[in-house]
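Chains A and B, in that order, are what the protein sequence lines are. Heads up, the first sequence is in the numbering used here, so the first residue is 1 and it goes up one at a time. Heads up, the second sequence is in the numbering used here, so the first residue is 1 and it goes up one at a time.
Errors might be hidden in some of the hints.
When chains are identical, the list treats them as one kind, so a pair holds in a single copy or across two.
To be verified - Distance condition first, Cα-Cα at most 35 Å in a straight line; then the derived DSBU-like pairs of lysine-lysine:
id	residue 1	residue 2
1	K373	K282
2	K374	K282
3	K267	K373
4	K198	K267
5	K258	K198
6	K198	K374
7	K258	K373
8	K282	K267
9	K198	K375
10	K198	K373
11	K375	K267
12	K258	K282
Don't read these hints as lab results, they were simulated from the structure.
Number of protein chains: 2
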Amino acid sequence: MRKPHRAEAPRPSRRGAKAGRVAVLSTGTELLRGRSTDTNLASIARALETIGLEVSYHATAPDDLDRLVEEIRLASARAEIVILTGGLGPTEDDFTRRAAAEAYGRELVFRPSAWNAIRSRFRRFRIPMAAINRRQAFLPRGARILPNPNGSAPGFVVESAGRFFFALPGPPREMVPMLQRQVLPRLAAAIGGKPRFKLWEARVFGMPEGTVDEIVRHVVARRPGASYGLTVSGGTVNITLRVERGSPLPMVRALRRKLGLFLVGPKSLEETVGDLLLRRGKTIALAESCTGGLISHKLTNVAGISAALLEACVCYSNRSKISRLGVPAPTIRRHGAVSAEVAAAMAEGAARTAGADVGVAVTGIAGPSGGSKKKPVGLAWHAVHYRGRTRAERGVFPGDRMAIKERAAHFALDLVRRALSE
Amino acid sequence: MRKPHRAEAPRPSRRGAKAGRVAVLSTGTELLRGRSTDTNLASIARALETIGLEVSYHATAPDDLDRLVEEIRLASARAEIVILTGGLGPTEDDFTRRAAAEAYGRELVFRPSAWNAIRSRFRRFRIPMAAINRRQAFLPRGARILPNPNGSAPGFVVESAGRFFFALPGPPREMVPMLQRQVLPRLAAAIGGKPRFKLWEARVFGMPEGTVDEIVRHVVARRPGASYGLTVSGGTVNITLRVERGSPLPMVRALRRKLGLFLVGPKSLEETVGDLLLRRGKTIALAESCTGGLISHKLTNVAGISAALLEACVCYSNRSKISRLGVPAPTIRRHGAVSAEVAAAMAEGAARTAGADVGVAVTGIAGPSGGSKKKPVGLAWHAVHYRGRTRAERGVFPGDRMAIKERAAHFALDLVRRALSE
Numbered sequence: 001m002r003k004p005h006r007a008e009a010p011r012p013s014r015r016g017a018k019a020g021r022v023a024v025l026s027t028g029t030e031l032l033r034g035r036s037t038d039t040n041l042a043s044i045a046r047a048l049e050t051i052g053l054e055v056s057y058h059a060t061a062p063d064d065l066d067r068l069v070e071e072i073r074l075a076s077a078r079a080e081i082v083i084l085t086g087g088l089g090p091t092e093d094d095f096t097r098r099a100a101a102e103a104y105g106r107e108l109v110f111r112p113s114a115w116n117a118i119r120s121r122f123r124r125f126r127i128p129m130a131a132i133n134r135r136q137a138f139l140p141r142g143a144r145i146l147p148n149p150n151g152s153a154p155g156f157v158v159e160s161a162g163r164f165f166f167a168l169p170g171p172p173r174e175m176v177p178m179l180q181r182q183v184l185p186r187l188a189a190a191i192g193g194k195p196r197f198k199l200w201e202a203r204v205f206g207m208p209e210g211t212v213d214e215i216v217r218h219v220v221a222r223r224p225g226a227s228y229g230l231t232v233s234g235g236t237v238n239i240t241l242r243v244e245r246g247s248p249l250p251m252v253r254a255l256r257r258k259l260g261l262f263l264v265g266p267k268s269l270e271e272t273v274g275d276l277l278l279r280r281g282k283t284i285a286l287a288e289s290c291t292g293g294l295i296s297h298k299l300t301n302v303a304g305i306s307a308a309l310l311e312a313c314v315c316y317s318n319r320s321k322i323s324r325l326g327v328p329a330p331t332i333r334r335h336g337a338v339s340a341e342v343a344a345a346m347a348e349g350a351a352r353t354a355g356a357d358v359g360v361a362v363t364g365i366a367g368p369s370g371g372s373k374k375k376p377v378g379l380a381w382h383a384v385h386y387r388g389r390t391r392a393e394r395g396v397f398p399g400d401r402m403a404i405k406e407r408a409a410h411f412a413l414d415l416v417r418r419a420l421s422e
Numbered sequence: 001m002r003k004p005h006r007a008e009a010p011r012p013s014r015r016g017a018k019a020g021r022v023a024v025l026s027t028g029t030e031l032l033r034g035r036s037t038d039t040n041l042a043s044i045a046r047a048l049e050t051i052g053l054e055v056s057y058h059a060t061a062p063d064d065l066d067r068l069v070e071e072i073r074l075a076s077a078r079a080e081i082v083i084l085t086g087g088l089g090p091t092e093d094d095f096t097r098r099a100a101a102e103a104y105g106r107e108l109v110f111r112p113s114a115w116n117a118i119r120s121r122f123r124r125f126r127i128p129m130a131a132i133n134r135r136q137a138f139l140p141r142g143a144r145i146l147p148n149p150n151g152s153a154p155g156f157v158v159e160s161a162g163r164f165f166f167a168l169p170g171p172p173r174e175m176v177p178m179l180q181r182q183v184l185p186r187l188a189a190a191i192g193g194k195p196r197f198k199l200w201e202a203r204v205f206g207m208p209e210g211t212v213d214e215i216v217r218h219v220v221a222r223r224p225g226a227s228y229g230l231t232v233s234g235g236t237v238n239i240t241l242r243v244e245r246g247s248p249l250p251m252v253r254a255l256r257r258k259l260g261l262f263l264v265g266p267k268s269l270e271e272t273v274g275d276l277l278l279r280r281g282k283t284i285a286l287a288e289s290c291t292g293g294l295i296s297h298k299l300t301n302v303a304g305i306s307a308a309l310l311e312a313c314v315c316y317s318n319r320s321k322i323s324r325l326g327v328p329a330p331t332i333r334r335h336g337a338v339s340a341e342v343a344a345a346m347a348e349g350a351a352r353t354a355g356a357d358v359g360v361a362v363t364g365i366a367g368p369s370g371g372s373k374k375k376p377v378g379l380a381w382h383a384v385h386y387r388g389r390t391r392a393e394r395g396v397f398p399g400d401r402m403a404i405k406e407r408a409a410h411f412a413l414d415l416v417r418r419a420l421s422e
């Protein structure tokens, strides 16, 4: 820092797309101002994976011509394949066409076929067209037009000596179809051959990241060409195994053995629980206090769950726990609303009053207020009732209100998963 | 493309933080692989804005030591303030500490105070600690430790000649508090003086983006130094007004007049509804069908809402609508579960059975199945019952299951907001 290092300019590669390096550029001042979140990088990464390519570089550029030219040059020095999203609209701060022309030293030329496609789209939807839309028909010389069935801005690709520059629209519902139909087939043909790697993904719940890491590291250690990554979210540890040759199966078997019931599987907790319920033909009812409806929200994101989920009660008040779920008032008085006993009574009450096979309940303190020394913010009791047995488990979760809700919801879903897996 | 341009290495600035250029580096191979989405850039951008700073550069780096060193050097050549997130965990691919040490030519040294903080955290939550956690206590020489009350990884800042390098944890619930409490005060003190611009933000619900755009454009038009941006999320249009001199107030007054009741205000719909309920001392009960608990989840993210929210029922089945909410069976038979009549009966039933001042209900078809020609996927009826009156409104929402749940939840919250604002 005292003497900032002079950054080394990466040397432009002379190799073609077969070298397989991909740079993604997201454009839009609103991204750098935090007014929207970029989901295009993730969509592009996951789509490329299916043809065995990975993103090596990613940068976000503002709507500024000079900066955009600089970022395009930097990206094409770093990668043989550059995919840019955004800045193809008709307005004055949509600079992608000009920036690409400048970065690659090609002039902008009017393309009648692009212009016809834009005009016929406006006619089809009977939208009055502004004169500025004509801008969208000017593309760098030699560019190939990528049709956009879901928007007015055509994309384009500049290809030369096996290197690619793709310009795609920013809105995901326009970008993703163009990526799937126009970009992937071109790239798959250009790189040829089989994917360079295989992936296996799984989630683990209830085990700290450090412990999961030790187990996975040990399993991956002596396999050449194998690597892994871990991410953590709401108490779930996500594992991605990657092998460059051979099959990941021997490692997967070893992991299954060592992780045991902690291994949730490839899907999210709610999808896993949803699958288990539907496969076993069981119904469920929820009783939520501190999670405030989050378990129900997560579970109802699973399509088809209405066949299993009978009802959910968010019973914030004691009165509601008594009247809706039949929790005995003395149990609340004696043990407090946040206790193993009340959680168990809530789970039993949810199953009984709804006539469901499984009842699950959470009662806790999400904060920021309401905590005490004996019952601190973050404390939650979770219970599951199934086949005449009720089990209650305690968790103490760090973080703010949202984080505590998330962790407690996952804990409860995992309790159901384990009960149904036995 | 034929001759890829040699990228120009940006010249390192010799100016300090007062020059105000900020580079954000997101790290994590999982981001480049599409395994998670980066929300940190947006959080950082919005936090910096409050002290009058803007993000000039953003890049995403993989968990690779050499690449990370390269990106840190590039970022510190481009900006006086570098904020990096991620890579502070205990595992082998958490390279931030080593990369920062290498990029700035400083060795890593063991910091007993950081080590004590890590150990006491593990003790407090009774988590067994892996030996590798000791790695987190090694920081570049001269770095100042940024305590992390929400996680095991301490952050750090390297400051020299008025230039800053901040290393913050990747998980948002650890990163954001550190940003607010540790980063902003330091930077505000370093840059001194007044912010370079003023912002005013507001949300609008129930008006199409194009219409909002016309209104705001007209208001902003002849004000020198004023600009605006719009983003859309879940049917809400977010307006950001920015003025470089003077006050935004005359424009704000004009917007308030033109947007009327469509203007929600600066806060989210759920916070606005929570505030209204608490300020007026009113209680509420919810009856959700297709939103599956999402309204309740959103409302219970508002701290203190337990004083207003009595209970929520997610009544997926008809049986549950009848038994929990007292919806008359003939009403369901005659009009179908997705109808104005059932929505109204649900809202009235929710208020009556819970003894609440306000009852709100949603019933609809979130898909992907269950739609018909007359009642397509995306159709939802929303109702609010308040002061003896019940009002039902219909919406038809595009998108997938999640998008429909979100739009319907917002619609219902807005219905409550309008009822309480009259």
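Quick rundown of the hints versus the structure:
Taking the shortest Cα distances, K373 and K282 sit within 35 Å of each other only across copies (31 Å), while inside one copy they are farther apart (40 Å). Taking the shortest Cα distances, K374 and K282 sit within 35 Å of each other only across copies (31 Å), while inside one copy they are farther apart (37 Å). For a Cα distance limit of 35 Å, the shortest separation of K267 from K373 across copies, 33 Å, qualifies, whereas the shortest one inside one copy, 37 Å, does not. In this homomeric assembly, K198 and K267 come within 35 Å of each other (Cα to Cα) only inside a single copy, at 18 Å, whereas the closest approach across copies is 45 Å.
In the homo-oligomer, the alpha carbons of K258 and K198 lie at most 35 Å apart inside one protomer (22 Å), although the nearest pairing across protomers, at 56 Å, exceeds that limit. In the homo-oligomer, the alpha carbons of K198 and K374 never lie at most 35 Å apart, since the shortest distance is 49 Å inside one protomer and 46 Å across protomers. In the homo-oligomer, the alpha carbons of K258 and K373 never lie at most 35 Å apart, since the shortest distance is 37 Å inside one protomer and 51 Å across protomers. With identical chains, the CA atoms of K282 and K267 are at most 35 Å apart within one copy only, with a shortest distance of 19 Å there and 41 Å across copies.
Taking the shortest Cα distances, K198 and K375 never come within 35 Å of each other, neither inside one copy (47 Å) nor across copies (43 Å). Taking identical chains as interchangeable, the C-alpha atoms of K198 and K373 are never at most 35 Å apart, the minima being 50 Å within one chain and 43 Å between chains. In the homo-oligomer, the alpha carbons of K375 and K267 lie at most 35 Å apart both inside one protomer (33 Å) and across protomers (31 Å), since each shortest distance falls under that limit. In the homo-oligomer, the alpha carbons of K258 and K282 lie at most 35 Å apart inside one protomer (29 Å), although the nearest pairing across protomers, at 53 Å, exceeds that limit.
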